[in-house]
Amino acid sequence: GENVEQHPSTLSVQEGDSAVIKCTYSDSASNYFPWYKQELGKRPQLIIDIRSNVGEKKDQRIAVTLNKTAKHFSLHITETQPEDSAVYFCAAPRGPRGGGADGLTFGKGTHLIIQP
Amino acid sequence: GAGVSQSPRYKVAKRGQDVALRCDPISGHVSLFWYQQALGQGPEFLTYFQNEAQLDKSGLPSDRFFAERPEGSVSTLKIQRTQQEDSAVYLCASSLVGRTNTEAFFGQGTRLTVV
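So the protein lines, in turn, are chains A and B. Anchor point for the first sequence: position 79 equals 79 in my numbering, and the numbering is continuous, going up by one each time. Anchor point for the second sequence: position 54 equals 54 in my numbering, and the numbering is continuous, going up by one each time.
These aren't lab readings, by the way, just hints derived from the structure by calculation. Computed from a prediction, not measured in an experiment: that's the story for all the values here. Watch out, some of these pointers could steer you wrong.
To be verified - Straight-line C-alpha distance at most 20 Å; calculated EDC-like pairs for lysine to aspartate or glutamate: (1) LYS108/A - GLU44/B; (2) LYS78/B - ASP18/B; (3) LYS57/A - GLU103/B; (4) LYS42/A - GLU103/B; (5) LYS57/B - ASP102/A; (6) LYS57/B - GLU2/A; (7) LYS108/A - ASP84/A.
Using the sequences and the hints, build the whole thing.
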């Protein structure tokens with residue numbers, strides 16, 4: 001099955017600086033890589049995803065890059081704000097159907113702390 | 001519209017007690033997933049359904065765990081003879097089926113504490 005590694009486990013940055021979170025995966029057939037944000041006591045919410053036919057995707061201050069050869073993908077947050085403080089999870093498909101249709105394998109999470 | 005709804009939000013069970021956790025998915029969502037999230041960890045897959053069919057239950061930790069979705073909508077996760085290691089947040093997610101529409105929408109979870 002798929003194995004997803006995520007680092008760092010904790011990341012503290014000054015407000016306004018950039019934050020980068022990295023993940024690696026093991027199954028070269030994986031084709032869908034979502035990122036979820038989870039605030040304390042709340043549900044995980046999808047913030048951005050990327051499919052394996054593109055190398056980068058941007059949405060305002062958030063971007064995700066994918067390197068299929070190296071089997072890693074990264075989340076980039078620019079101009080960080082206090083409301084970006086949360087735990088971020090990367091994920092990859094856990095089954096053969098692709099796209100997460102069989103469910104997802106998650107990384108262990110990164111606690112992002114935005115220092116004022 | 002309404003999102004994924006889970007109940008109860010919190011459940012305290014005495015060791016050995018049976019519990020039932022409910023998930024109401026987004027209307028029209030064919031796929032429904034259950035995950036277990038231990039403190040400080042990412043969600044871990046338990047089982048999933050496509051309509052009423054349970055397609056994969058390989059993530060269920062033991063035969064004390066049982067899930068059903070008899071009419072292809074509401075799902076129940078049942079844990080028999082709860083043990084302390086069952087303490088976790090149980091998350092339900094639903095999605096449209098298909099290769100391009102597989103965003104999973106999560107409920108707020110049920111926090112189970114076994115004492």
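**Q.** Enumerated hints in conflict with the structure, sorted upward
**A.** The structure conflicts with no hint, since it agrees with every one listed earlier.
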